[in-house]
Every structure is written in structure tokens, then in C-alpha cells.
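Taken in order, these protein sequences are the chains called A and B. Under the working numbering, read the first sequence as residues 1 to 519, first letter to last. Under the working numbering, read the second sequence as residues 520 to 1021, first letter to last.
Fair warning: there could be bad hints in the mix.
Unchecked claim - Quick list of in silico lysine-lysine cross-link-like pairs, DSBU-like style, CA-CA up to 30 Å:
(1) B:K666 to A:K86
(2) A:K365 to B:K616
(3) B:K932 to B:K890
Because the hints were derived from the structure by calculation, they are not lab data.
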Amino acid sequence: MSDLTRRTAADLADALAGGETSSVELTVAHLERIDAVDGDVHAFLHVDREGALAQARASDERRAAGNPVGRLDGVPVAVKDVLATKGLPTTCGSRILEGWVPPYDATVVTRLREAGLPILGKTNMDEFAMGSSTEHSAYGPTHNPWDLDRIPGGSGGGSAAAVAAFEAPLAVGTDTGGSIRQPGAVTGTVGVKPTYGGVSRYGLVALANSLDQAGPVTRTILDSALLHEVIGGHDPLDSTSIDQPLPSLVDAARAGASGDMKGVRVGVVKELTGEGYQPGVQARFDESVQLLVDAGAEVVEVSCPHFVHALAAYYLILPSEASSNLAKFDAMRYGLRVVPEGVDNPNAEEVMRATRDAGFGDEVKRRIILGTYALSSGYYDAYYGQAQKVRTLISRDFAAAFESADVLVSPTAPTTAFKLGEKLDDPVAMYLNDIATIPANLAGVPGLSLPSGLADEDGLPTGFQILAPAMADDRLYRVGATLEAALLDRWGTPLVPPELVEGVDRAPDLASADKETVR
Amino acid sequence: MTTQGATAPALMSYDEAMATFDPVMGLEVHVELNTVTKMFCGCPTEFGADPNTQVCPTCLGLPGAMPVVNGKAVESAIRIGLALNCSIAPWCRFARKNYFYPDMPKNFQTSQYDEPIAFDGWTEVDVDGETYRVEIERAHMEEDTGKSLHVGTSGRIHGADYSLVDYNRAGIPLIEIVTKPITGTGDKAPLVAKAYVAHLREMLLGLGVSDVRMEQGSLRCDVNLSLRDSPESPLGTRTETKNVNSLRSVERAVRYEVGRQAARLADGASIVQETRHWHEDTGITTSGREKSDAEDYRYFPEPDLVPIAPDAAWIEELRAALPEPPRERRARLQEEWGFSDLEMRDTVGAGALGLVEETIAAGAPPAAARKWWLSEMARRANEQGVDIAALAVTPADVARVQALVDEGKINDKLARQVFDGVLAGEGTPDDVVASRGLAVVSDEGALSEAVDRAIAANPDVAQKIRDGKVAAAGALIGAVMKEMRGQADAGRVRELILAKLS
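Modelling step: build the complete structure from the supplied sequences, incorporating the hints.
Structure below.
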């Protein structure tokens, strides 16, 4: 393909290294792509044209002087609007932070800058990362490049859609209960939630501190590994960050691409398949498992009996932490300030109340109320305390499962992308979309989603999730790269969303091949 | 701060109250640590900087910012715990205390809740020769809040035109030391409370963990007090009096609350469980917010911090390196200085032990050091309504004044004038002596002439002295000193008089 925006980040890095293109050329190409399609997709809340070009020019100068600062120096990236960016607006998709420009960079952003990646802009998200559809953004929803009437997943729908629509080769997302992986699944992209503590949370506006983790959003496994290595590693500013090196992720991705799965035990989680999963999603999952078997993997079924309680525990822990985190948005120091009408000389409390009433959306208010209730004296033990016990049981389930399997696998999300508005009035149905991704956050283990094909019934992308023990993120990349290579081999061409791509026919009818293949 | 609209409640006299009720106290002392940086970030902690100049994303609570625990503050907390004979938790966590207040950047305070770093300790304080044991419930770590300034006629939040917040103080490390209910003090309750806080201050100073300047708020005391019919009765309803920020006030606040609560109870009224504010100027407490079960801080473990698990060997190292405990130190100093029990008790009671010690270290004889601090300085502190340590005079100044007296350059009367000058900010004792011209007259000629004039003016007295009634010399000395406006060495005058009349 000649269009620079269609190429992978690894490929672009090689092109830059070989003098075939420049960072300015790359950055301009992506900015033009944003101009062309983002009116339809709405992946970005803020595009930093000048800033990105300035960083691209600086990158080209470094390279011309023979001093590139890393493999990805000059490859542009998009950043979810939940990460603080110095000098660039950071809204978290909320009205309450409208106009706030942070005076500091999140550590992840610092590392992107230090590695020379021009930052194209900030991507759309559900308000404060609460949602699975990006419909809860105060600035309007993002549309799925595969079907503009459908959701791109959430909360990081902006990052996933930007990458799927070729507006950015790389993006950073954050994943509290699946906000990187589920959007990856429904947009046909790759998303990784690293081990908790593997990527610094400093500057990540917390939704739920004990669950949040930033990670890569890309179109290939190798690109995710490259980006993961840039943003990961210990940070003294985050006390929960792990001071211990990871095995090389890029090496693992390259090793996996060779396709040898001999000696690798793949555990299919009984509780995360079958009933409740869309037939097309299940079918693509089963085929992918078979491809891993064909590559030499040993498949075992594992049971994680407490996963059935994960969603309930998650919806106590998350709102509890969030209710406290969001208390700081009170109009006293930054962001929106609403003076109540009809009140003479309002006091601080009245201003706080009016601002929070006007500045937070319904989903945010719902969770603040839930969390405040769950932490209240007399209820704490029954709700927050009990949820923490469930969390421990889920960690034990993982530990037991990882005794008989090196990685665990499941469909990433139970369905393909649903229509915008379809589940807005049914929060529980919306929450159920994260049923397969949430356990990893509760236990702090890493997870990855990669595209496994298109569902027969609607022709929309499906996702395959791989989970590994804490600090064994390399296994995600190894197994993921093997599966990616096998799938690509069958398809002959990567999955490409038809809607926005001129001159490319609807994605090949991948689903028709090997329909009989069942594990 | 004035106390508008508060009608002074009826008080029962202290003696009557004590004859009728048994007091129970609980003291909560907040100590600001003197670490170089804040509890959870690298901002400086220096007192008195321009507003909002010692802040960063973390202590301003900006979205995304995260805390990192100050290891030095943990060390100080453990040392305080050890000095109070506490157990040190092998594993503990911080918790969030959630409530909304504009001077609290995150609208939660990072504190400790059910897992304090130090707990179950005790200490002993002496009052009038009696020793009282005070049980320590806990000592835990937390962060300070910012400081609100309410601008307007009232000076309080209600009725203010607008309010300003300085976040320099937000995030300064605090240790909160909480006693168990203190019983068995009887009518000594106010003195025990004061002695306990003075004892803590001395101990913290010895540990070097805090500036313990009550007037700057680096040591703040909340006084919980309840009354019951007798030591056998169940505990009564308590009030929590905040803003008690001097040693004197600790004593006065206890005394006041005893009188107020006793009058209510005697009247058949009940005590409202509430927070009350102490007013230094008027010496009364007024009702603040009502403390009820409705106040729910929704504590939960701080998810941005990892648990603290101090190494047992490290704790033992810290224990071994603790300074001499205050009571042992007092015994040693009393021995060294040769003070009587009463003198020592007065020195400690005046909060002047450290001052006297430093004055002696600066060269003054022990008796002189005690004399100046306990008579002259105690009186002045009392007049100004401040703690003796808050006076603008240093132990080195006192030692220097005594040296000037010993050298015969000034006498005690002039010394008082020197202190006037030092306290008025006129410089060092030597500066004041020079600028005010306070040196004693040592011009023998002038002195001799003055003595002659006094003898001539008082022939009767002179005759008595000639007759051997040496005691009568006092009248002539007085006359000479008067003429010399005090600037003469009385001993030398006496010598001259006796020489001339022998």
C-alpha cells in the first residue's frame, strides 16, 4: 500500500530509519487523514496540529543528525484524553474539566515525548472512562469505522477508532475493566492491558486506582509490543508501579510470529464461553483456538468458579474508588465553575453543588451515588469489604488456572459492536459487555485482545482475549503473534473496515472459511 | 476573632463543679513534622512563604497526580511512637477520609484509620509532685490541609465577603497523637492536661521531629471533655474543643468546659456531643458543628499507596537511638543544677525547662537562669498572654544579661530595662545597653559626691550609722540610687557610705 497511514508502526519505523520518509511527512499524512474522516468518526476531542508538527520536525532533525532517541522516534501517536498532557486540554470526556490545561505531563506522556513520538491529539472516551460505548462522552459519541451507526466500544472508543480508521498508527488507552480490550475487539484492532503496576499511572486521571492501567492500542501485535516498551517500566512517582524489569516484549512478539506453540498450554476458561456469547463471536473464538492447536499448543479447559461474581465485585470497588476520586472536581481550583442561579452571595458548598450537578453526566452521577453508598458506615463490610474478598477469590482462581495453563483465552467481548443508543437505557446490559475483561483488572494480571475475524451474522469484528500471569506480559505477545500470523495467513490480508476506505471492497468474507472447524 | 452572637452561658464555679462531678479527658494532639518536604510530594515545608508558592500537582490535588510517602515522616512517626512506649505496626496502610472542604485539595484527607503506625502506648506526667499515667491510644500519620482566610468583617466563614485559600500547608506531614480517656485526675484535670501537652512538647523537641511552636500551629491540641457523677459512673457525653493552641489555653479550656458542662448538668440539661471552638481572647468556647453519627467519612484504604511494613531491625535501631526521656532528663538536670523539688517543678510548670537549660549552656549560673525565666519572663509572658517560649528573647540574651550583671556593668534593675529593650526589638542586650545608656555609673568621683550629698541631707541617719547601726545605711543607699536614677552599683554605694561614716 502506498498510503503511509495504512502501514504499521513497525513498518513506518523502518521507513524512517531507511530514510524512505520523514516524521513530518508521516505526521502530515495522519493529520490529513484526520481531516478527511474524523468528522464522521469523531475519534478525537482535540487535535494538536502545530504541536505534532513541531515534534515531527524535531524528530527529523535528530534523525538527520544521526541521533534518533528510539525505534519509534518520529512515529505519531494519539493519546486518550484521560492522561494529563502539559499545555494540551485534558477533559476526560467531561464537561467538568472543559478548558482545563494541565501544567504537567503524565509519566506515559513524558515517555512518549522522550521517545520522540509526535502526539497527534487527545482521543474521545466515555466520561471519566465510565462506559463501554463512548456514548457517555460529554462531547458526543465516537463512531465505529466498521459501521458508523455502531459503537466503537468504550471507554477508549476514541483511541481504538482512531487506529482502526487509520487516523493514527498507534494510540494509548486505559483499561479499568476492559476499556482497551473491548474497543479493540469491536473495532478489529489490538489492545493490551499490561500487568497492574507495569505502566505508570502518574498523570492518569483515576477512575478506579486499584484497577486502572494504561496500555497500547494498535493494529498489530508487534506494534503493541513496541509501544508497550516505550511507556512501561518503573516510575518512582507511582507507588504502585513495579520496580522490576519485564522480559522483552518485542522479542516475544517476533518469536511468536514464527508460529511455534509447542509446549505452550492454552487454557480455555469455561466460565467465559458459551451461553451469553453471540454465535459468530463464539465461532471465531473456537477457530482461533484450533489455529493455536495447529501451531502446536496444548489446549486445556480450566474453571474459574468465582468469575461469575466478578462483575458484581467490580461494580462495588470501581464506584467506591471513583466516588472518592471525583470529589476533587469542586470548582475551587480548576475546571468548570457554575454559580447557582437565584442565590445571593452563594457559599462554597453551593457553588460545589451547582458545578457538580451541571458538570457530571448521568452515568458519573450514578456511580458516585453507588460508591458513596457502598463506602458508608454500616454498609462498608457488606459491600466494599465483601467485594475485596471476591477479588481475592478471583486472584486465587487465576493462580490455580495458571498452574495448568501458561495463558488463558476467551472471547474478548460477548458480542460484536451494538448500535449507538441501543443499550443506553439499560446500564446493566452495558456493564455485561465487560464480563470477560473485568477479571483481569480485579486480579491485576495482563490481558490482550486481537482481532479474530468477522461474525457471520453481522460481518463485524470479533476479539480474542489472551490472559497471562502478572509480569508475564511477554506471553501475551508470543501467543498473540502466533495467532495473528495464522489468521493473516488464512485471510491473506488484514482486516480493514469497509466504511471509510475508498477503493477497498468490503472486507473479505473471512467467516466463510473452515466453518466446520470446532475445537 | 470575635465571638459574635454568643450569649455567655452560665458557669459553675470550678470548686463547686469538682465537688459535684468527676472529669474525664481525652487529648488529641496534632504535630507538624519538621521534614524538609511534604508527606506525599517533594514540596518544601518552610513556614511563612508567600501563599501558594510551595505547591505541586500532588499537593494541589490536580487530576492524575499521585502521592508518594515521605520516608523521613514514617521514621519520625515511628520514633514518636517508640518514645510514647507504643507498639509499632509491622504492617499498616493509609486510608482516605472523605469530606468536602475548600481548603482540602482532593476533598479527602490521606490519613490512617484502623491501622495506625503506632498504638497502645503510655507516658507519665508530673503535677504537684504526683505522677499521672496517660495511656496512648494511637499515633498515626496524616497530611495537613490548606489554610482558609475569610475576608470580611466577621473574619469567619459565615458572613465573609470572600475567602482565600493558601495550599502551602496542604500536605505537610502531621502526626496525630490520641490518648485513651484520662481518668482519676479529679480537680487536677486542667493541670494534667497542660502538663501532658508540655510533656509532649518537650519530648518532641528532644526527638527533633517538630518545631513544636504552638503559636505557629505546629502543635495543636483538641480537648475532649466529659463529666460524670462519680468515678464509678458511666462516661458522660463529651465535647471536643478545637483551636486550643497554647499551653495556658489547654488548662483554661479544660477549666472552662468543666464549668460550662457542670452548670448545664446541674440545671438538668444535657450535653450536646459537638465540636466547640476555643477563643483565646475571651477565654470561652462556642458551639461549632454538631458531631453526630450522620458524619460519615467513608474511610477506605488509599489505593494509590502500598502498605507500610517497617523492618523490625530498623525499628530496634530507632529505639536504641532514642534520646533521654523527659522525666529522666529532668531528674538528671535537677541533680546537675542543684534545684529543689519545688524549684524544678516551677521551672517545668512554666514550660521553661529547655529555656533554662539553654541559658545555663550559654554560660549563666543555674540559679540566675531560673530567676530570670521564672520571675521576669514568666510575668511578661503572662501579661502578653503568650507561652514563655514565644517571647522575643533568647536563652543567649538572658545569659548575656546575667553576664553583664556579674561583670558589674549593670544591676538587676537595669537588667529589666535591658529586657524591655530586647523584647521591643531594639537588638541584643549589648545594643540596648549602648543605645539606652544603661551602664551603671562607675565614676567614683560622681558617686562619692552623691554619697556626700546624701549624708549631708540626712544627718540623723548618718549619725545612726556612725553609732554602729549599719542597717540604717539602706535609707542613704536609696537616696543615692534615686539621685543616680538607678544607674549605680548598690554594693559600691554601700561600701562608700560605710567608709565615709566609720
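Cross-check of the supplied hints:
1. B:K666 to A:K86: holds, 28 Å
2. A:K365 to B:K616: holds, 20 Å
3. B:K932 to B:K890: Answer holds: K932 (chain B) to K890 (chain B) is near 14 Å, not above 30 Å.
Checked against the numbered hints given earlier, this structure breaks none of them.
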